[in-house]
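**Q** Going down the list, the sequences are from chains A, B and C. UniProt numbering numbers the first residue of the first sequence as 1 and each following residue consecutively. UniProt numbering numbers the first residue of the second sequence as 1 and each following residue consecutively. UniProt numbering numbers the first residue of the third sequence as 1 and each following residue consecutively.
There are no misleading hints in this set.
EDC-like mimics (lysine to aspartate or glutamate), calculated; alpha carbons at most 20 Å apart, straight line:
#1 B:Lys30 with A:Glu72
#2 C:Lys217 with C:Asp147
#3 B:Lys167 with A:Glu47
#4 B:Lys321 with A:Asp30
#5 B:Lys182 with C:Asp253
#6 B:Lys191 with C:Asp253
#7 C:Lys226 with C:Glu176
#8 B:Lys298 with C:Glu31
#9 B:Lys298 with A:Glu4
#10 B:Lys260 with B:Glu248
#11 B:Lys260 with B:Asp241
#12 A:Lys36 with B:Asp308
#13 B:Lys298 with C:Asp97
#14 B:Lys34 with A:Glu9
#15 A:Lys36 with C:Glu137
#16 A:Lys36 with C:Asp147
#17 B:Lys316 with A:Glu32
#18 A:Lys67 with B:Glu32
#19 B:Lys238 with B:Glu248
#20 A:Lys67 with B:Asp26
#21 B:Lys298 with C:Glu158
#22 A:Lys67 with B:Glu35
#23 C:Lys136 with A:Glu47
#24 B:Lys321 with C:Glu213
#25 B:Lys316 with A:Asp30
#26 B:Lys316 with C:Glu213
#27 A:Lys36 with C:Asp154
#28 B:Lys34 with B:Asp13
#29 C:Lys133 with B:Glu74
#30 A:Lys36 with C:Glu143
#31 C:Lys133 with A:Glu47
Since the hints were made in silico from the structure, they are not lab data.
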Amino acid sequence: MSSEWPLWEIFIRGQHGLNHRHVGSLHAPDAEMAVKHARDVYTRRNEGVSIWVVPSNAITASSPSDKGPLFEPSNAKVYRHPTFFDIPEDVGKM
Amino acid sequence: MYAQMVKSEASNDDPALLAAFQARIDAGEKIEPKEWMPEGYRKTLIRQIGQHAHSEIVGQLPEGNWITRAPTLERKAILLAKVQDEAGHGLYLYCAAETLGVSRDELTEALLSGKMKYSSIFNYPTLTWADMGAVGWLVDGAAIMNQVPLQRTSFGPYARAMVRICKEESFHQRQGYDIMMKLAQGTPEQKAMAQDALNRFWYPSLMMFGPSDKDSVHSAQSMAWKIKMNTNDELRQKFVDQTVPQAEYLGLTVPDPAVKWNEEKGGYDFSEPDWAEFFEVIKGNGPCNAERIEARQKAWDDGAWFRDGLMAHAAKQRTAKVAAE
Amino acid sequence: MAVALDLDVALFEGLCRLGDSTLVLGHRVSEWCGHAPVLEEDIALANVALDLIGQTQLWLGLAAEVEGRGRDADRLAFRRDVWDFRNLLLVERPNGDFGHTLMRQFLFDAWHQPMLKALEDSHDPRIAAIAAKAGKEVAYHLERSADLVIRLGDGTAESHGRMQTALDRLWPYTGEMMMSDDTDRALAEAGIIPAPDSIRPQWDAVVAEVLAEATLKAPDQAYMHKGGKQGTHSEHLGHMLATMQWLQRAYPDSTW
Numbered sequence: 001m002s003s004e005w006p007l008w009e010i011f012i013r014g015q016h017g018l019n020h021r022h023v024g025s026l027h028a029p030d031a032e033m034a035v036k037h038a039r040d041v042y043t044r045r046n047e048g049v050s051i052w053v054v055p056s057n058a059i060t061a062s063s064p065s066d067k068g069p070l071f072e073p074s075n076a077k078v079y080r081h082p083t084f085f086d087i088p089e090d091v092g093k094m
Numbered sequence: 001m002y003a004q005m006v007k008s009e010a011s012n013d014d015p016a017l018l019a020a021f022q023a024r025i026d027a028g029e030k031i032e033p034k035e036w037m038p039e040g041y042r043k044t045l046i047r048q049i050g051q052h053a054h055s056e057i058v059g060q061l062p063e064g065n066w067i068t069r070a071p072t073l074e075r076k077a078i079l080l081a082k083v084q085d086e087a088g089h090g091l092y093l094y095c096a097a098e099t100l101g102v103s104r105d106e107l108t109e110a111l112l113s114g115k116m117k118y119s120s121i122f123n124y125p126t127l128t129w130a131d132m133g134a135v136g137w138l139v140d141g142a143a144i145m146n147q148v149p150l151q152r153t154s155f156g157p158y159a160r161a162m163v164r165i166c167k168e169e170s171f172h173q174r175q176g177y178d179i180m181m182k183l184a185q186g187t188p189e190q191k192a193m194a195q196d197a198l199n200r201f202w203y204p205s206l207m208m209f210g211p212s213d214k215d216s217v218h219s220a221q222s223m224a225w226k227i228k229m230n231t232n233d234e235l236r237q238k239f240v241d242q243t244v245p246q247a248e249y250l251g252l253t254v255p256d257p258a259v260k261w262n263e264e265k266g267g268y269d270f271s272e273p274d275w276a277e278f279f280e281v282i283k284g285n286g287p288c289n290a291e292r293i294e295a296r297q298k299a300w301d302d303g304a305w306f307r308d309g310l311m312a313h314a315a316k317q318r319t320a321k322v323a324a325e
Numbered sequence: 001m002a003v004a005l006d007l008d009v010a011l012f013e014g015l016c017r018l019g020d021s022t023l024v025l026g027h028r029v030s031e032w033c034g035h036a037p038v039l040e041e042d043i044a045l046a047n048v049a050l051d052l053i054g055q056t057q058l059w060l061g062l063a064a065e066v067e068g069r070g071r072d073a074d075r076l077a078f079r080r081d082v083w084d085f086r087n088l089l090l091v092e093r094p095n096g097d098f099g100h101t102l103m104r105q106f107l108f109d110a111w112h113q114p115m116l117k118a119l120e121d122s123h124d125p126r127i128a129a130i131a132a133k134a135g136k137e138v139a140y141h142l143e144r145s146a147d148l149v150i151r152l153g154d155g156t157a158e159s160h161g162r163m164q165t166a167l168d169r170l171w172p173y174t175g176e177m178m179m180s181d182d183t184d185r186a187l188a189e190a191g192i193i194p195a196p197d198s199i200r201p202q203w204d205a206v207v208a209e210v211l212a213e214a215t216l217k218a219p220d221q222a223y224m225h226k227g228g229k230q231g232t233h234s235e236h237l238g239h240m241l242a243t244m245q246w247l248q249r250a251y252p253d254s255t256w
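Next up, chain A with everything else stripped away, as it sits in the complex (with noise of 0.2 Å):
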């Protein structure tokens, strides 16, 4: 029957609390056997506190030929940055 195992994306949460990142795949037969092998492979050194599983397949990327439209219309948004506002020094930290 050889069937290959599916492949799972690998989210790991790092010591410091910030989000989970990704760090890879590997192939497993289910989802808790998915973190198992996660926790073996992607946390050999230490790296992790929480892990997330997905399956490969079920990951909706956005489609790289949207790149402009997607991205590039945020470019002309500068005012969202706190560099586009002068504060004059005498304020203070702000």
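We have chain A; now place chains B and C onto it with these hints.
**A** Relative to the frame of chain A, chains B and C by itself:
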């Protein structure tokens, strides 16, 4: 290198698309799996990353050969951790190749059938404990020369795998050199053991970079695509320049009387390895080719029931869950 | 003080029993490196072996300290002969197929985990500290091996058959884990190492639960092999030591 003599594939794509693709690479952009890429780029990468992955997995065997004979508990743990890392590196690389539309099982079958190659170096036997030192020091040292620049390769998943691998590899070469230091400072027998290992692994290590490729079309294409970052000769020279003083520090002699500092070029002169031997090893006539593939074939065949058993259980669980809902 | 001296002898013995079992099992598991059925499993098994080797360094290190004759963990591991080894017979069984290896691991883990838990309450703080560290590692070993036994027992007909064969073959080596001799009793009375037979209820419960879920059946057979803890081993151990100790024996005056 772990990927030697990778032939680049020609592309029959639209010249305008090709030019735009090359412009992206020249601008230092990363190419991601779902983006358009020339068919030749994709195929060459599958071949190169696959060969690199196979080298990690087959590379477990010569060092694995000494895990059960490591002389202290600490050496045993370090060696086991290192060989385990190699399995991890193989895994990361197979995953990178999989983003290009080939499965790990397909790659494995291509390795076992001889359709895909792995690095020539792993067809040499590890005969003594000193070989664990020599492999770590020379073989990992040579591999790192190639892997560090590959962190900047144009294909995103490959570059990211290399970043992770380089981070983990940093202890591998040091542990090898540490073994060599201990032996070189040890009894006369230990020192002889260390010298013998250097004698046997010197030229095979130089072969890892592959024959001179200064006039190779394949190399030129791969370098333009930034999936090969340096020429074989550049890396080999760098390796010799780095390694000769390290051997001197150990009080060991590099087994090449021609090794001599060349002030003019700012590097060492050295003899070429025997390329006829290299091509025989690549063809399958190295000392351990048959054993290495037999070992991988056995693991694959003997493990089939295990892989299938776990798939069957997972399928049963899914069915049970659906029925319960 | 004769009593105190005797207790130190018993303690050395007891620590060798713990450390030799982790040494021998760690060695067996490490034999798989590079040969496992799938990369993820190759990596996972190496983690188990690394844990066991680490625990060996601690147990045999303490044994050497207690003995006070200038030996260290390496000296004990690499320079004693078979009759001085105190490991359980179960862990020196050869690997067999992957299912056999996993079943051996599970049967041992199901004992090892509650034993370490109990050792955390040892009156000897050095032992309690090692047990606390090892306990976390072994809790994961048990979770993993139990899970795989269940999955393979309840997998395909072939995986079920292989796991049942492994269970039948290994079962007669499980009893030794829960047998107590004079050394065990002395250590238990002193509150240093719990009596092996006190682990029995927990072992029985975990094994029964896992085997039931795995659709496997424990053999009815009552006969149990013993002797490993007293230094009477199977032929297999000598071959393992011949491999493991070769360098230290061939170059006895060297450091590595």
